[in-house]
Structures are given as structure tokens and as C-alpha cells.
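Novice: Below are the chains, spelled out letter by letter.
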Amino acid sequence: MQGTIELRHRPRLCMGAAIAGKKEGEGPLGQGYDQIIEDDLFGEESWEKAECRFFYTAADTCIRKAGLTHQQVDVMLGGDLLNQITSASMAARELKIPFLGLYGACSTMAESLCIGAMLVDAGHVKTALCAASSHFCSAERQYRFPLEYGNQRTPTAQWTVTGSGASLLSSDENLPAIARCTHVTIGRVTDLGIADANNMGAAMAPAAADTLTRHFADTGRSPADYDLIITGDLGRVGHDILMELMKERGCPLIFERYMDCGLQVFSPDQDVHAGGSGCGCSAIVLNSHILERLRTGEVRRVLFMATGALLSTTTSQQGETIPGIAHAIVLEGSDPCSGAC
Amino acid sequence: MFDKNAKPSPQRQRQLDRYKQLVERMSPNSDMGQGLLRAFWVGGSICCFGQFLQEAGKMWLGMNNTAASTFCSTVLVLLTALLTGIGIWDKIGQYAGAGAFVPITGFANAMVSPAIEFKREGLVLGLGAKLFTIAGPVLVWGISASVVVGIIYAIWPW
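In the order they appear, the protein sequences are chains X and H.
Residues in the first sequence are numbered from 118 upward in steps of one, following the working numbering.
Residues in the second sequence are numbered from 735 upward in steps of one, following the working numbering.
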């Protein structure tokens, strides 16, 4: 086995919540979000506080939708893109749920689900909340330029999603199960020498290919065994590169059954160049659109794999290349007979 | 990786080169023609407007040459600062690229945008410390270059 763990008790993914910003709300998946926040500042004084509120609102909405109270959640796992993951920890300060902060860049949603599912599967906790957030404005000022600076983006650049998603995992039989987590594959940090911070898709695609290859080898499955393989935010460029890399490895992805959240979250006329990115990108798409498709039975077995670019502004300026990572989790919709058997 | 003199193995180097080629093949390039067209028409228009301001200063406001060019710069900086503040300039910059930032308007935008962005961290450590984050490097190297050129000019034999 190369990083894949089978979850024998198949922990339940009981509920998801997605809170999105205005631009995301205007995107093709706008109908599915629990709440669309028109005000970028979410009524707060700074972008950082706004992002924190996004995180809090997603977590709180998810818990309430599942009919639980904050006290009934045993652990919260999550993170965001900001330095010292302050959005997540400051939201955790308000939520008062035992908290493990995670940093996996844009892979955080999958990372938190992997760890949460393992904790629930092992019986250490009954209920775990997994969440991630990002905010266009806070990410821009930290990683790039002030918002009002009139710079041009390259065609390979991506647009950080404003939003937060949360999923509730539980072993509690009384809670509804939208899906069950059956396998996780932990990513390896992979770097094929891309140093261009405006081409994250290219930096992350090799990590995605590595995780996919190991996952298929470990489980003895192939892309055809999945109704949908979902990547987090590879964007246009990364999507095409991953297709190509998997073809080279003799394990081609099926075009119709492969989607990238970064390509779905915005429409091409929203001027986002190569697509959406950020922790929030895969988090809001998973917790609205994908869970809905699992719930209705439109797709039965999906592989959710969020990718992250593990760079900082400092390492970039020092000329380091960009290490990528990709964590994957398999979600299976409840069996049609799940009520009876 | 911690051995500074280590070269990647030939196999690894081949992998890196192949991947680089793949990425280049898959990544779209900026549309040069469109970029140039936009930069020239917007940049040209800004410069024409600047020239108009100078001439207007001389013709109707009774300014001499120096005063008129100062007047032109001041008005352009003021207008850019205003448009940056109300969130319009970044759109012009995105559209026109160098056409918007090569004239003095770019300098104004580079000063005002960090001022807006970082004022939340306070007047001293926020605005004060970050005001020159974008314009700073341009000033440092611009002034350094002008000093070097100035010295050469001063000692040049003709």
C-alpha cells in the first residue's frame, strides 16, 4: 500500500454546507449554495475578519442543518490560506469545538476529510466537522498585490474563490448519510520544477497524477470504477495536464467522468482566466453540487481529490519551485436499500 | 536538496525537461496583439490628455512651461488617485496593462492602492510601512540608475 487507507466502518458524511461570495453566487453552481453573501466584507471591518465569518457561518450552518449543537461535535478539522491559518482558528475561538488546524493550501478540504474520516472510522470521535475557507481579497493582499492595483493577470492565473464549505462526518446511525467514506489516499509532496506562481495548475497536476496512480494501484481500481473523479482547483491548464499525465501513465481519465471544481465554479465569461482556486473552491463545490448529486443518486461513487500548492511568497521570491500535494477520499452514495439493510 | 552542488540525476533532469515542455504546450500565452493594441490606445490617450492639460495651462491659465508640466502631472496623479479610490483604475489597468502604468498614472496607482489596502493595519505599521511596497523598488532602482547615468554624463568628454 502506498498511502491508501481503507475505512472499514465506512463513516457517514451526514451533511454539508457551502457559503459563497457574490461572484461565486453568480457562477453556474450559484443555485446550490446554502447562502450567498453579497457583501465582500460580510459586515466586518477587514477581509480577514470577513473570511473568518465565512468559515464560522459554514461550520455553524452545517451543524445546525444536521440538527446538532456545537457541543455535540467532538472535533473540528480545518484551515485556510492565510498566514498562521487565522480564519480557521479565530472561527474555532467562537465555535468552541476542539480544533485541529490544518494547512494543506488548496487541498485543505480533502485533507480535513481524510483525517476526519480516519478519526471517525477508528472510533476515536463520533462526530467530526471538516471545513475550509478562502477569500479573494485576503488572498490577493497576502500573495499578490493590493486589490486596487491595476495589474494584468496571465492567462494561466486563477481566481481565488470567496467562500467556505463544511462537512459533518459521523458514526451516529441516527444521522442521515448522504455518502459514506470508504478510502482515503494521502498525498505525496511532488515537485516537477514549476516556479511560476501564476501557473498553479501546472505545479499541482503532477501531485494529482501521483495520488491518482497510487490510489488505483492500491485499490485495484481504474477510472472506470468511478462515476466522477473530482479535482479541487487545477483550473484549465492543470486539468489538461492531468489528463495528459494520466494518459502517459497508461491510466487515462474518462473525460465525461472527470471534473475540476475550479472549472465549474465560475463560467468562462466571468473573467477568471484559468478558473477558480483556493481552499474554498473545492469546499463549496463539494458541499453543494457534489453532495447533492450523491444524495439524489445521480452519481454513486466519487473520488474527491483536492490539490494544494505549498508555496509562500517568501519561498517564491527566493526562487524555490512550487511543491504540490493532492489528497483523495472516496465517497459512495448510500445504497438504494440502505434504509432496509 | 541540501547539497548545493548536487545536480539532478540525468533521469530526473529528463523528467523535468519533459514536464516543462508539456506545461509550455498546455499553457495558453498572453494575446500579444490585443495587449499591444489596448496598451497603445489607452496609453496614447492618457498622454494626449496630458499634452492637452499642458497646453491648456499655458494658453488659458497663464502658466510658463515648468508650471504647465507640473500642472499636467498633478492633475493626472489626482485623477488616478481618485479613480483608484473609487475602484475604477484597477479595471483600466487590467484592460490596458502597460498603457495605464507607464505614464505617471501608474505611479499614482502604485502609491494609492497600498495606502487603501494596508490602512487597516494602522497609520504607522500599516500605511506607513507598506505605502512603498510597489513603488519602492521602482524608486530605488530608478533613482540609482539616474545617479549612474548622471555621473557618466558629467564625466563624458563632450
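Please note: incorrect hints may appear among the correct ones.
[Stated by the list, open to error] Using C-beta positions, here's what the derived DEER-type ranges look like: (1) K364(X) to I877(H): 47 to 57 Å; (2) E437(X) to Q745(H): 18 to 28 Å; (3) E855(H) to V306(X): 52 to 62 Å; (4) E437(X) to G870(H): 35 to 45 Å; (5) Q435(X) to W794(H): 52 to 62 Å; (6) N739(H) to G120(X): 30 to 40 Å; (7) Q745(H) to C368(X): 19 to 29 Å; (8) G860(H) to E373(X): 46 to 56 Å; (9) K754(H) to R374(X): 38 to 48 Å.
[As the list claims (entries may be wrong)] Which bits of chain H does chain X cover? Going by a derived footprint, with three or more residues having C-beta under 8 Å, they are: (10) 750 to 764; (11) 824 to 835; (12) 877 to 884.
[Unchecked claim] DSSO-like mimics (lysine-lysine), calculated; alpha carbons at most 27 Å apart, straight line: (13) K166(X) to K243(X); (14) K166(X) to K853(H); (15) K364(X) to K754(H); (16) K754(H) to K741(H); (17) K825(H) to K166(X); (18) K825(H) to K864(H); (19) K139(X) to K741(H); (20) K166(X) to K213(X); (21) K754(H) to K139(X); (22) K738(H) to K166(X); (23) K139(X) to K166(X); (24) K243(X) to K213(X); (25) K754(H) to K738(H); (26) K139(X) to K182(X); (27) K792(H) to K825(H); (28) K166(X) to K182(X); (29) K213(X) to K182(X); (30) K853(H) to K864(H).
Honestly, the hints are just simulated from the structure, not real lab data.
Cβ coordinates follow ideal geometry from the N, Cα and C atoms, glycine included.
Novice: Given the hinted pair K166(X) and K182(X), is their Cα-Cα distance within 27 Å?
Specialist: Cα-Cα ~24 Å, so holds.
Novice: Verify the proposed pairing of K213(X) with K182(X), using a straight-line Cα cut of 27 Å.
Specialist: The hint holds at about 18 Å.
Novice: Given a hinted range of 18 to 28 Å, is it respected by the beta-carbon distance of E437(X) and Q745(H)?
Specialist: 22 Å Cβ-Cβ, so the 18 to 28 Å window holds.
Novice: What's the verdict on K754(H) and K139(X), does the C-alpha distance respect the 27 Å limit or exceed it?
Specialist: Distance ~36 Å between K754(H) and K139(X) Cα, so the pair is violated.
Novice: For the segment 877 to 884 of chain H, do three or more residues have a beta carbon lying closer than 8 Å to a beta carbon of chain X?
Specialist: With 0 residues in contact (Cβ-Cβ under 8 Å with chain X), the coverage given for the segment 877 to 884 of chain H is violated.
Novice: Tell me if chain X covers the segment 750 to 764 of chain H under the three-residue, 8 Å CB rule, please?
Specialist: It holds, with 10 qualifying residues against the three required.
Novice: Does K213(X) lie within 27 Å of K243(X) when you go C-alpha to C-alpha?
Specialist: It holds: about 17 Å lies between the C-alpha atoms, which stays within 27 Å.
Novice: Compare the distance between the alpha carbons of K738(H) and K166(X) with 27 Å, and conclude whether the hinted pair is satisfied.
Specialist: Violated, at roughly 42 Å.
Novice: Given the hinted pair K139(X) and K166(X), is their alpha-carbon gap at most 27 Å?
Specialist: 17 Å, holds
Novice: Compare the distance between the alpha carbons of K754(H) and K738(H) with 27 Å, and conclude whether the hinted pair is satisfied.
Specialist: Within the cut-off at roughly 22 Å; holds.
Novice: For the pair we were handed, K166(X) and K213(X), check the Cα-Cα distance against 27 Å.
Specialist: 17 Å, holds
Novice: Could you tell me whether the CB distance from G860(H) to E373(X) stays inside 46 to 56 Å?
Specialist: 50 Å Cβ-Cβ, so the 46 to 56 Å window holds.
Of the numbered hints stated above, those contradicted by the structure are hints 3, 4, 9, 12, 13, 19, 21, 22, 27, listed in ascending order.
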